[in-house]
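Order-wise, the sequence lines are chains Z and V.
Count along the first sequence from 1, then add 1028; that gives the number in the numbering used here.
Count along the second sequence from 1, then add 1028; that gives the number in the numbering used here.
There could be a bad hint or two in this list.
[Said to hold, decoys possible] Below, a list of computed lysine-lysine pairs in the DSS-like style, where the Cα atoms sit at most 25 Å apart: (1) Lys-1447(V) to Lys-1381(Z); (2) Lys-1401(V) to Lys-1358(V); (3) Lys-1381(V) to Lys-1458(Z); (4) Lys-1401(Z) to Lys-1063(Z); (5) Lys-1238(V) to Lys-1280(V); (6) Lys-1063(Z) to Lys-1063(V); (7) Lys-1458(V) to Lys-1381(Z); (8) Lys-1238(Z) to Lys-1355(Z); (9) Lys-1381(Z) to Lys-1454(V); (10) Lys-1447(Z) to Lys-1381(V); (11) Lys-1280(Z) to Lys-1238(Z); (12) Lys-1401(Z) to Lys-1355(Z); (13) Lys-1454(Z) to Lys-1381(V); (14) Lys-1238(Z) to Lys-1358(Z).
[Claimed, not checked] Chain Z side only, calculated, beta carbon under 7 Å to chain V, not exhaustive: (15) Thr-1078; (16) Thr-1083; (17) Ala-1179; (18) Ala-1180; (19) Phe-1377; (20) Ala-1423; (21) Tyr-1455.
Rather than coming from a laboratory, the hints here were simulated on the basis of the structure.
Beta carbons are placed, not taken as given, at the ideal position from N, Cα and C, and that holds for glycine.
Number of protein chains: 2
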Amino acid sequence: MAKEQKPRRPRAETPKGFRDYFGAAVTERNRMLEKIAEIYRLHGFDALETSGVETVEALGKFLPDVDRPNAGVFAWQEEAVPGGGSGDWLALRYDLTAPLARVAAQYRNDLPSPYRRYAMGPVWRNEKPGPGRFRQFYQCDADTVGAASVAADAEIIAMLADALEAAGIARGDYLVRVNNRKVLNGVLEAARVEPGQAADVLRQIDKFDKVGEAGVRELLTTGRTDASGAEIPGVGLEPAQADPVIAFLTSKGDTNDETLSNLRSAVGVSAIGAEGVEELAQIAAMLDATGMDADRVVIDPSVVRGLGYYTGPVFEAELTFEILDDKGRKRQFGSVAGGGRYDDLVERFTGQKVPATGVSIGVDRLLAALREKGLAGAEAQGPVVVTVMDRDRMADYQAMAAELRAAGIRAEVYLGNPKNFGNQLKYADKRGAPVAIIQGGDEAARGVVQVKDLILGAKIAAEASVEEWKSQPAQVEATREALVATVREMLAR
Amino acid sequence: MAKEQKPRRPRAETPKGFRDYFGAAVTERNRMLEKIAEIYRLHGFDALETSGVETVEALGKFLPDVDRPNAGVFAWQEEAVPGGGSGDWLALRYDLTAPLARVAAQYRNDLPSPYRRYAMGPVWRNEKPGPGRFRQFYQCDADTVGAASVAADAEIIAMLADALEAAGIARGDYLVRVNNRKVLNGVLEAARVEPGQAADVLRQIDKFDKVGEAGVRELLTTGRTDASGAEIPGVGLEPAQADPVIAFLTSKGDTNDETLSNLRSAVGVSAIGAEGVEELAQIAAMLDATGMDADRVVIDPSVVRGLGYYTGPVFEAELTFEILDDKGRKRQFGSVAGGGRYDDLVERFTGQKVPATGVSIGVDRLLAALREKGLAGAEAQGPVVVTVMDRDRMADYQAMAAELRAAGIRAEVYLGNPKNFGNQLKYADKRGAPVAIIQGGDEAARGVVQVKDLILGAKIAAEASVEEWKSQPAQVEATREALVATVREMLAR
Chain Z
1029 MAKEQKPRRP
1039 RAETPKGFRD
1049 YFGAAVTERN
1059 RMLEKIAEIY
1069 RLHGFDALET
1079 SGVETVEALG
1089 KFLPDVDRPN
1099 AGVFAWQEEA
1109 VPGGGSGDWL
1119 ALRYDLTAPL
1129 ARVAAQYRND
1139 LPSPYRRYAM
1149 GPVWRNEKPG
1159 PGRFRQFYQC
1169 DADTVGAASV
1179 AADAEIIAML
1189 ADALEAAGIA
1199 RGDYLVRVNN
1209 RKVLNGVLEA
1219 ARVEPGQAAD
1229 VLRQIDKFDK
1239 VGEAGVRELL
1249 TTGRTDASGA
1259 EIPGVGLEPA
1269 QADPVIAFLT
1279 SKGDTNDETL
1289 SNLRSAVGVS
1299 AIGAEGVEEL
1309 AQIAAMLDAT
1319 GMDADRVVID
1329 PSVVRGLGYY
1339 TGPVFEAELT
1349 FEILDDKGRK
1359 RQFGSVAGGG
1369 RYDDLVERFT
1379 GQKVPATGVS
1389 IGVDRLLAAL
1399 REKGLAGAEA
1409 QGPVVVTVMD
1419 RDRMADYQAM
1429 AAELRAAGIR
1439 AEVYLGNPKN
1449 FGNQLKYADK
1459 RGAPVAIIQG
1469 GDEAARGVVQ
1479 VKDLILGAKI
1489 AAEASVEEWK
1499 SQPAQVEATR
1509 EALVATVREM
1519 LAR
Chain V
1029 MAKEQKPRRP
1039 RAETPKGFRD
1049 YFGAAVTERN
1059 RMLEKIAEIY
1069 RLHGFDALET
1079 SGVETVEALG
1089 KFLPDVDRPN
1099 AGVFAWQEEA
1109 VPGGGSGDWL
1119 ALRYDLTAPL
1129 ARVAAQYRND
1139 LPSPYRRYAM
1149 GPVWRNEKPG
1159 PGRFRQFYQC
1169 DADTVGAASV
1179 AADAEIIAML
1189 ADALEAAGIA
1199 RGDYLVRVNN
1209 RKVLNGVLEA
1219 ARVEPGQAAD
1229 VLRQIDKFDK
1239 VGEAGVRELL
1249 TTGRTDASGA
1259 EIPGVGLEPA
1269 QADPVIAFLT
1279 SKGDTNDETL
1289 SNLRSAVGVS
1299 AIGAEGVEEL
1309 AQIAAMLDAT
1319 GMDADRVVID
1329 PSVVRGLGYY
1339 TGPVFEAELT
1349 FEILDDKGRK
1359 RQFGSVAGGG
1369 RYDDLVERFT
1379 GQKVPATGVS
1389 IGVDRLLAAL
1399 REKGLAGAEA
1409 QGPVVVTVMD
1419 RDRMADYQAM
1429 AAELRAAGIR
1439 AEVYLGNPKN
1449 FGNQLKYADK
1459 RGAPVAIIQG
1469 GDEAARGVVQ
1479 VKDLILGAKI
1489 AAEASVEEWK
1499 SQPAQVEATR
1509 EALVATVREM
1519 LAR
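Here chain Z stands alone, though its shape is the one from the complex (with noise of 0.2 Å):
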């Protein structure tokens, strides 16, 4: 006789490089992001917030393949039925630039111009989940959109270094780089390099922070043999045409006056160098003007990740702090936020060029540099649980706890079975609760409850040989009228 197949029950699981946030590590973001959206919105910013949804259309980079519809994005097509689904391909954004772009081309006539904004939210990418790399997760952008002047660019430059002293990151802890792709222009036009080596120059200079001057001189010209041995073929330029390249990755000084002259030397003769060397000179000034310092933001031709992408100036925000990274070795804690000027922001929806400049902050890198400094990652502190030593009594301890809540103290009557009361302290201790009230039907004839110290008692029984502790007493009697005054003490201990 065939065996009987049980029907399979549905696995209970997240898809694959999606998880799920839980207390605190939600509370903890969403405060963060409210501190960082008041500094955007005064500053003039006005929130924004798109559908996670968007036609495929819109969203422009990704077309749909009628393969491979879902690389990059999660794309699917809607069935086209009279009145309802219209047949589009949709999918779910994979940035807030793309919903921008679409946005601002939809209600152009509508908005104020420039228009600033800022929006927050998930945002989905259809990749190979890896460690610590999900397929949705929170981006945190301001974008100003229709003003060409530098005065945006500097605008949001100093709001991003108080973005970052809202969220918590204190002056001298972090530091905000600014470059500007024009200038490299205009180095490479003083290097004459031609335009197919652009690339290839470019690549080299990313390589500044690891191989050196002299690395990237040899990378540039002949080649450079690397660590392991290897040949490593250079870009073939002549060693003058190396030299500004090499003047504008060492021309930080140790003022923004000094690196600008260094600049201006770098480019030489370039109207496109010159030009964007005024500008780095007109953001400095600005920012000196806005009590920016040097400690908080600099001029620093160094910065180059970015450069490909955008138009004009670039910047970056680091945190300087020190920690261990995985092998135990110190290291900067590294970029937490970035941005710079695209112009070409809602031409493919309008025609027109349109200049905008913006910034992204990194929201899981910064959340994560917060809790290195212990100023998030704490466990929420859990509610007084009032336990139920009496099932018949339930609007007594519901009282209680009503009680507690008036006074602002998270607090709740245990749920669960109340037969046995170890796990109910089992329960307390796994909700993180400071404090647990006891009240029995002796306790309630005699107008009184036990009020009970959990992270006293902890310590107690971790360390019972320590006098100190001894003197505290982890379980107090207290009338029932004392009952808020009470807990409230043992919370200030």
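Knowing the structure of chain Z, use the given hints to seat chain V on it.
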């Protein structure tokens, strides 16, 4: 010669049924939700944020159909890629309860039990959009999983009343009404309604609000002729069978005690009915003990919405103030939240029945109610706009804005092309700016600024004859040092 076809530009449009939220629409909703979350946390509920994407298998309700995978939910199949996509069907969550069921099963060994959690966020429905009906909208839920005691229901009911007040609804403007599915079951038993008739009886009970006591009696027995003359067939109960049902529907007394007494009569000797009434009596006692008076929460057997879905206590929060409907008639604002007990949350994953009870607040409805009461929906005040008279002195203007912000005043520098000063004032108007700052070369030389009251200016322009406004100058000259003080004074008007 064939005319060359221009490449079509992408449409800048939200997908059908989706929308964008601007400015105050975002911040007001977030502020309301944060106030509610504060109350939930005070009651010991922890935040839970799951991702927008779940496997269709975990969502359960909607199984993928090869021909119509998208019915009800937005769903798509992952590519099966070695080391990457799993080939699973994925979908956007359609509510916050299905993800809670998945979480409660997935982490059942780690979560405290009972587990109290709240969740707030967008959900997606693949339904035909209509006026005011969107395919992405917010939900705001709180549930207790693993507590069989009606103390859990009473706690959530009281918490709902507190949450509405925290959101801004005044006492007296709302009422939470509580009923119990078990009482209804007892009534059906007392009325000897056969199982096959139960759904039909429920349907008629649902019409109580519309057709009243006599109408329901007709519908339960021999049928009824409606206002249009149409014959509506009855369920076919004997008149004596209809009695307990009518007694149930009309059992609301002046006090909870009276209502409970009437309900005891209505359920007669039914054991399940008596259990239901006893549960309501316990809930009433607990609400009483926590200070929830009859002006906030009442036992009301006429709450029938959701009785079919829930298994025990069920409740609904209504806003009792009147608004004008589309046709200018007064009507109560109506329901903004509801919930109850449902006892099969994780069974499909684990095979175990786990009791659960919860509440869901209609976020858009509640926000609309706050707007009706004038407690939200006012345009957020725009920033002070520092105008640009002299393009070369951007740093000075930025410094003014920075000073205003340091004093907590929302401020921005005009970042468009400053050539046409009229455009700058038009921009300030579009931004809802209360004040504009003007400093030309002459003022700069004299060390002063012009501070222009745009709100007063608009009033004067609109009603030039009103004398009282003329006495208040719409524009004052202040020393540069007095900028912040002058703006602050003007904003306080």
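Point to revise | Pairwise hint evaluation, Lys-1454(V) against Lys-1381(Z), where the allowed Cα distance is 25 Å at most | key: holds (23 Å)
Review point. Going straight from one Cα to the other, do Lys-1238(Z) and Lys-1355(Z) come out at no more than 25 Å?
Key: With a Cα-Cα distance of about 19 Å, the restraint between Lys-1238(Z) and Lys-1355(Z) holds, given a limit of 25 Å.
Review point. Given the hinted pair Lys-1401(Z) and Lys-1063(Z), is their alpha-carbon gap at most 25 Å?
Key: holds (17 Å)
Exercise for review: Take the C-alpha atoms of Lys-1454(Z) and Lys-1381(V), compute the straight-line distance between them, and say whether it is at most 25 Å.
Suggested key: Roughly 23 Å between the alpha carbons, so the hint for Lys-1454(Z) and Lys-1381(V) holds.
**Study point:** Restraint check for Lys-1401(Z) with Lys-1355(Z), where alpha carbons must lie at most 25 Å apart
**Key:** holds (19 Å)
Exercise for review: Would you settle whether the hint for Ala-1179(Z) is holds or violated, based on the nearest Cβ-Cβ distance to chain V being less than 7 Å?
Suggested key: OK, holds: Ala-1179(Z) within 7 Å of chain V, min 5 Å.
Exercise for review: For the pair supplied as a hint, Lys-1447(Z) and Lys-1381(V), confirm whether the alpha-carbon distance does not exceed 25 Å.
Suggested key: Since the Cα atoms of Lys-1447(Z) and Lys-1381(V) sit roughly 20 Å apart, the hinted pair holds (cutoff 25 Å).
Check your understanding: Taking 25 Å as the top limit, are the C-alpha atoms of Lys-1381(V) and Lys-1458(Z) close enough?
Key -> It holds: about 23 Å lies between the C-alpha atoms, which stays within 25 Å.
Check your understanding: Is it true that the CA of Lys-1238(Z) sits at most 25 Å from the CA of Lys-1358(Z)?
Key -> holds (17 Å)
Point to revise | Residue hint Thr-1078(Z), partner chain V, criterion CB-CB below 7 Å | key: holds (5 Å)
Exercise for review: Using Cβ atoms only, decide whether Tyr-1455(Z) comes closer than 7 Å to chain V, and label the hint accordingly.
Suggested key: Holds, because the Cβ-Cβ distance from Tyr-1455(Z) to chain V comes to roughly 6 Å (cut-off 7 Å).
Practice item. Compare the distance between the alpha carbons of Lys-1063(Z) and Lys-1063(V) with 25 Å, and conclude whether the hinted pair is satisfied. Key: OK: Lys-1063(Z) and Lys-1063(V) at ~16 Å, within 25 Å.
This entry satisfies every hint, going by the numbered hints stated previously.
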